[in-house]
Amino acid sequence: MSHAPITSVRTYVMVWVALLVLTVITYVVATFDFGMLNAPIALAVAGIKAALVVLVFMGVRYNTPLTKVVAVSGLFWLVIMFALTLNDYLTRGWLGIPGR
Amino acid sequence: MANVTESIGARQALAPEGAASAAGAHTLHGTAAGHGHHNPNLQHHFYSMEQQLEASTLGMWVFLVTEILFFGGMFLVYLVYRMLYPEAWVLGSNHLDVAMGAINTVVLLCSSLTMVLAVRAAQVGSRQGQVINLVLTIVFGLTFLVVKYFEYAEKFEHHLVPGPNFDMTLPQAAQQQLFFSIYFMMTGIHAIHMIIGIGLMLVILWMAWRGRFSPDYYGPLEVSGLYWHFVDVVWIFLFPLLYLLGAHYGAH
Numbered sequence: 007m008s009h010a011p012i013t014s015v016r017t018y019v020m021v022w023v024a025l026l027v028l029t030v031i032t033y034v035v036a037t038f039d040f041g042m043l044n045a046p047i048a049l050a051v052a053g054i055k056a057a058l059v060v061l062v063f064m065g066v067r068y069n070t071p072l073t074k075v076v077a078v079s080g081l082f083w084l085v086i087m088f089a090l091t092l093n094d095y096l097t098r099g100w101l102g103i104p105g106r
Numbered sequence: 356m357a358n359v360t361e362s363i364g365a366r367q368a369l370a371p372e373g374a375a376s377a378a379g380a381h382t383l384h385g386t387a388a389g390h391g392h393h394n395p396n397l398q399h400h401f402y403s404m405e406q407q408l409e410a411s412t413l414g415m416w417v418f419l420v421t422e423i424l425f426f427g428g429m430f431l432v433y434l435v436y437r438m439l440y441p442e443a444w445v446l447g448s449n450h451l452d453v454a455m456g457a458i459n460t461v462v463l464l465c466s467s468l469t470m471v472l473a474v475r476a477a478q479v480g481s482r483q484g485q486v487i488n489l490v491l492t493i494v495f496g497l498t499f500l501v502v503k504y505f506e507y508a509e510k511f512e513h514h515l516v517p518g519p520n521f522d523m524t525l526p527q528a529a530q531q532q533l534f535f536s537i538y539f540m541m542t543g544i545h546a547i548h549m550i551i552g553i554g555l556m557l558v559i560l561w562m563a564w565r566g567r568f569s570p571d572y573y574g575p576l577e578v579s580g581l582y583w584h585f586v587d588v589v590w591i592f593l594f595p596l597l598y599l600l601g602a603h604y605g606a607h
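Protein chains in written order, with my numbering: chain A, 7 to 106; chain B, 356 to 607.
The following block holds chain A by itself, in its conformation from the complex:
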């Protein structure tokens, strides 16, 4: 890989503005009652913000494939940890085990 292209100040500032706008959106959305959807919406907006920071500010979009795989692996193992733990907590009591 040769030198990564230098990103313009304009791009960085635009991403920063987008992050601020998304922060306002998070706040405004949180003041409305969407029932079960409040948390997923908040997490979705936070996910978009995180993706902007990781891809642009941390420059992962210009990193080598190996670094990209390592970065994604963090998310991958995080999902496994959450999935298997919730697999336990969310299903307790489903079978009505006698004595519980």
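Be aware that a few hints might be false.
Said to hold, decoys possible - Footprint (simulated), chain B over chain A, 3 or more residues, beta carbon under 8 Å:
1. 24-30
2. 97-103
As the list claims (entries may be wrong) - For each label pair, taking beta carbons as the anchor points, the in silico distance ranges come out as:
3. A:93 / B:508: 39 to 45 Å
4. B:514 / A:12: 38 to 44 Å
5. B:452 / A:50: 20 to 26 Å
6. B:438 / A:50: 31 to 37 Å
7. B:524 / A:15: 49 to 55 Å
8. A:23 / B:520: 42 to 48 Å
9. B:483 / A:97: 56 to 62 Å
10. A:57 / B:417: 50 to 56 Å
11. A:74 / B:452: 23 to 29 Å
12. A:34 / B:399: 51 to 57 Å
13. B:522 / A:50: 33 to 39 Å
14. A:57 / B:452: 25 to 31 Å
15. A:71 / B:522: 52 to 58 Å
16. B:501 / A:72: 38 to 44 Å
Since the hints were derived computationally from the structure, they do not count as laboratory data. Virtual Cβ for every residue (Gly too), placed ideally from N, Cα, C.
Take the given structure of chain A and dock chain B to it, following the hints.
Only chain B this time, still in chain A's reference frame:
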């Protein structure tokens, strides 16, 4: 990858004449990088400055993956107890100061912008740009900690710190105490990361001030920046999950 064969050639060439001339010392990298003089910042086990930066970036990401899972464990604890005690989580969340949390979110986003501009300044060879942006990054980082101090102080005043002085007259006090345990654990460890980050930035600022970085060599600045942005990303998730969770119940 053409560098590989060139470099091997360079090393073979070095052996017979190594003792003969001072030129031998820089032949090792000089031929490999394709320049007459190799960059003095190039460690001898790398072929080129690009490869060195890639290796540093990869190493930092491996560390950040361990950090993702470290914070991930705490987010998981938060989630499990939130599912068990949803009302207490709303009550606890509504004791937090949304304005202060929002200010700190903006402060951290600004610090990430100045951080990335400092790296860019190194890429375009501006020492002044590095120094100014690093100073701003440190100032934003300190601002975050000052706001955090006032938040924590307020929690102590209102007996919301888990322990013998916790206000047990609150509804669902025991469960709310659990919420605040998790609040202090998550924000406290995040704040420790901020303090470490500011320490890192002071070292990087010193190096930038001394003119250590150039468009060819800015690895330490780049890698410290990755750490800084990561700490920002953690806060991006902490803010809605801790502060905004009960906002739509309007119980302020």
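Structure-based check of all given hints:
1. 24-30: It holds, with 3 qualifying residues against the three required.
2. 97-103: Coverage by chain B is violated here, the residue count being 0 at a Cβ distance below 8 Å.
3. A:93 / B:508: 39 to 45 Å: holds (41 Å)
4. B:514 / A:12: 38 to 44 Å: At roughly 52 Å between Cβ atoms, residue 12 of chain A and residue 514 of chain B fall outside 38 to 44 Å, so the hint is violated.
5. B:452 / A:50: 20 to 26 Å: Because 25 Å falls inside the window, the suggested range holds.
6. B:438 / A:50: 31 to 37 Å: violated (19 Å)
7. B:524 / A:15: 49 to 55 Å: Distance hint for residue 524 of chain B, residue 15 of chain A holds at roughly 54 Å.
8. A:23 / B:520: 42 to 48 Å: holds (43 Å)
9. B:483 / A:97: 56 to 62 Å: 59 Å Cβ-Cβ, so the 56 to 62 Å window holds.
10. A:57 / B:417: 50 to 56 Å: At roughly 20 Å between Cβ atoms, residue 417 of chain B and residue 57 of chain A fall outside 50 to 56 Å, so the hint is violated.
11. A:74 / B:452: 23 to 29 Å: Violated, since residue 74 of chain A and residue 452 of chain B (Cβ atoms, about 38 Å apart) do not stay within the stated range.
12. A:34 / B:399: 51 to 57 Å: Holds, at about 55 Å.
13. B:522 / A:50: 33 to 39 Å: Between residue 522 of chain B and residue 50 of chain A, where Cβ atoms are some 35 Å apart, the hint holds.
14. A:57 / B:452: 25 to 31 Å: holds (28 Å)
15. A:71 / B:522: 52 to 58 Å: holds (53 Å)
16. B:501 / A:72: 38 to 44 Å: holds (40 Å)
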